[in-house]
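In terms of my numbering, the sequence shown has 50 at position 50, counting the first letter as 1, and numbering is strictly consecutive.
The hints are simulated quantities; they were obtained by calculation from the structure and are not laboratory data. Every residue gets a Cβ at the ideal spot worked out from N, C-alpha and C, and that includes glycine. Just so you know, not all the hints are guaranteed correct.
Claimed, not checked - Now the in silico label distances, taken between C-beta atoms and shown as ranges:
1. ALA60 / GLY39: 28 to 38 Å
2. LEU54 / GLU31: 28 to 38 Å
3. GLN62 / ALA35: 37 to 47 Å
4. THR34 / ALA60: 32 to 42 Å
As the list claims (entries may be wrong) - Simulated crosslink set (EDC-like; lysine to aspartate or glutamate; CA at most 16 Å straight-line):
5. LYS40 / GLU5
6. LYS40 / GLU4
7. LYS48 / GLU5
8. LYS12 / GLU28
9. LYS52 / GLU4
10. LYS12 / GLU31
11. LYS48 / GLU4
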Amino acid sequence: HSIEEAVFLGRKIIVLGNSPGTIIQQMENHEAGTADYRGKELFFQRCKVLRKLLMEECHAKQA
Numbered sequence: 001h002s003i004e005e006a007v008f009l010g011r012k013i014i015v016l017g018n019s020p021g022t023i024i025q026q027m028e029n030h031e032a033g034t035a036d037y038r039g040k041e042l043f044f045q046r047c048k049v050l051r052k053l054l055m056e057e058c059h060a061k062q063a
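Whole structure, please, built from the sequences with the hints as guidance.
The structure is reproduced here in structure tokens:
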């Protein structure tokens with residue numbers, strides 16, 4: 001799966017942390033699945049936020 005797929009299909013997106021059971025972020029995504037969503041700025045913003053969260057969590061694990 002990919003970030004873009006999660007944002008396009010998921011009405012609620014949950015980002016898990018490195019520690020078991022740790023939720024970093026929960027995102028409501030009511031626009032998911034609509035035909036024109038992938039072309040909207042909101043889609044790209046949500047992908048960017050999720051990518052940043054995952055990168056930060058990845059770097060925190062390495063430190």
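We went through each hint and held it up to the structure:
1. ALA60 / GLY39: 28 to 38 Å: 33 Å, holds
2. LEU54 / GLU31: 28 to 38 Å: 21 Å, violated
3. GLN62 / ALA35: 37 to 47 Å: Holds: the Cβ-Cβ distance is about 39 Å, inside 37 to 47 Å.
4. THR34 / ALA60: 32 to 42 Å: 34 Å, holds
5. LYS40 / GLU5: 15 Å, holds
6. LYS40 / GLU4: 12 Å, holds
7. LYS48 / GLU5: Holds, at roughly 13 Å.
8. LYS12 / GLU28: 5 Å, holds
9. LYS52 / GLU4: Roughly 13 Å separates the two Cα atoms, so the pair holds.
10. LYS12 / GLU31: OK: LYS12 and GLU31 at ~10 Å, within 16 Å.
11. LYS48 / GLU4: Status holds; Cα separation ~10 Å.
Violation of the numbered hints given earlier is confined to hint 2; every other hint is satisfied by the structure.
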